[in-house]
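*Asks:* Quick note on numbering: the sequence shown equals residues 1 to 406 in the UniProt record's numbering.
A few of these clues could be false.
[What the hints assert, rightly or not] The calculated lysine-lysine pairs, modelled on PhoX-like cross-linking and capped at a C-alpha distance of 20 Å, are:
| # | residue 1 | residue 2 |
| --- | --- | --- |
| 1 | Lys233 | Lys214 |
| 2 | Lys255 | Lys233 |
| 3 | Lys214 | Lys270 |
| 4 | Lys234 | Lys264 |
| 5 | Lys371 | Lys360 |
| 6 | Lys270 | Lys234 |
| 7 | Lys396 | Lys371 |
| 8 | Lys214 | Lys264 |
| 9 | Lys270 | Lys233 |
| 10 | Lys396 | Lys380 |
For the record, the hints were derived by calculation from the structure and aren't laboratory data.
Quick caveat, the model's predicted, so the values are computed rather than measured.
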Amino acid sequence: MRPLSSAVTMARTGFCDTKPLLDLHKKADERRAPLRTWANASGPIDRWLPVEANESRMNLLKMEPERRWERRVSLQTSDGIIMGFHEDSRAWSPGKLIAEGCVEDPVLLYPCGLQGLPSLQVLVPSLLRHEIEKALEKLDVIWDRTYAWEMFLDMMRTQTQNSLPSADLPRYFTNATRGILVDWLIQVHEIMHFQDETLYLAIHLLNRSLRLIKVTTANLQLLGMVCLFIAAKKEECLLPEVSGLCSLMDHTYTKHQFLRMERKVLSGLKFELSYSQPLHFLLIFASVAHCSALVVWMARYLLELSLLEGQCVVFLPAQLAGAALCLARQVVQEPTTPEGEAAWCLVSSIHVGSEATLMKIMHILASAAAKAQTCATFLKFSSPETMHVSRHPGLKNASSLLGVCS
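Please put together the full structure from these sequences, using the hints given.
*Replies:* Okay, here's the thing in structure tokens:
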């Protein structure tokens with residue numbers, strides 16, 4: 001049973017509904033106090049337990065530190081508002097994660113006008129959780145909402161794993177060379193009809209491999225194809241033959257060289273292939289924000305253009321997704337509605353990063369869109385299925401886009 005003070009606190013925070021979100025005490029007690037006999041089944045649950053179990057249960061409640069969900073007093077800064085899940089007995093600080101405790105990574109909210117809406121501030125945690133659960137269910141990521149929020153928090157945490165601290169490439173490679181390789185991989189990805197997740201994972205593996213593995217310029221194309229093959233092994237149901245992939249490279253490399261490079265890449269990456277994809281964040285954000293199909297396709301186009309930009313490798317997936325969605329809304333310029341603005345205000349509370357970071361990414365994507373007429377991504381998103389977003393009039397002039405973003 002939760003202490004009365006904790007229950008009152010939870011009721012005031014907005015993090016809970018009629019069903020308790022987190023009852024650590026009860027779960028721990030049920031594990032540690034085994035039932036030996038059952039008494040009368042009528043009456044409170046405590047009467048069902050033997051006397052020894054009840055005494056043990058009360059002792060555990062006294063010994064364990066109280067944990068609770070709490071919405072902290074909003075910290076209004078230039079970066080936004082911080083909300084966290086903490087343990088009372090431990091000190092809390094932004095960005096801190098206590099593995100053995102209950103501290104979650106703080107969610108840094110992009111400023112969106114919440115300062116003047118105290119009633120909305122109180123509702124944001126429960127509304128956000130509800131919308132995230134609906135979004136994950138709508139995207140067929142989950143079949144049960146029970147762990148939806150925990151899954152999203154895990155995505156926010158794990159996106160920092162295997163991140164690249166710098167955009168610098170080895171001296172014998174340039175961003176132009178990398179861009180040509182990525183553009184070619186996008187074409188191969190389209191030919192193979194792979195999932196979109198396969199492409200994002202392949203480019204992520206390529207970015208890491210270029211910095212962790214010694215590869216000559218002559219083997220750069222082989223490295224890219226191997227990264228795409230490894231990503232396909234993780235994301236696809238059907239895989240192409242290695243000989244078929246070699247034929248796409250005009251048999252410049254043998255099957256033996258291909259498999260040897262695959263072993264080299266996997267060893268260099270230490271088989272760490274997990275990746276919180278920016279595309280997943282984008283689709284979640286767009287679902288929570290109730291964006292139109294045109295805005296979503298525009299955001300997907302801008303997000304894929306980020307794969308070609310070497311400067312974007314240092315940004316977190318959630319930052320790239322948030323910037324792409326912001327810029328897409330600016331480009332499309334759809335009429336605003338009160339419901340749409342409220343939904344956008346809510347989704348803005350998920351974005352991690354400072355306003356300066358967001359603006360920097362938007363400038364990079366705007367410049368990439370202005371010069372993208374010859375790349376494979378431009379042709380890919382000029383089809384009727386993608387609503388011709390790459391040919392949208394708002395993308396023609398980079399200076400006007402940068403003017404909107406500044």
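*Asks:* Now tell me if each hint is right for this structure.
*Replies:* Outcome of the hint check:
1. Lys233 - Lys214: At roughly 23 Å apart (the allowed maximum being 20 Å), lysine 214 and lysine 233 break the hint.
2. Lys255 - Lys233: Status holds; Cα separation ~17 Å.
3. Lys214 - Lys270: holds, 15 Å
4. Lys234 - Lys264: holds, 17 Å
5. Lys371 - Lys360: holds, 17 Å
6. Lys270 - Lys234: The given pair, whose Cα atoms are some 15 Å apart, holds under the 20 Å limit.
7. Lys396 - Lys371: holds, 9 Å
8. Lys214 - Lys264: holds, 10 Å
9. Lys270 - Lys233: Roughly 16 Å separates the two Cα atoms, so the pair holds.
10. Lys396 - Lys380: The hint holds at about 17 Å.
Hint 1 alone, counting from the list given before, is not met by this structure.
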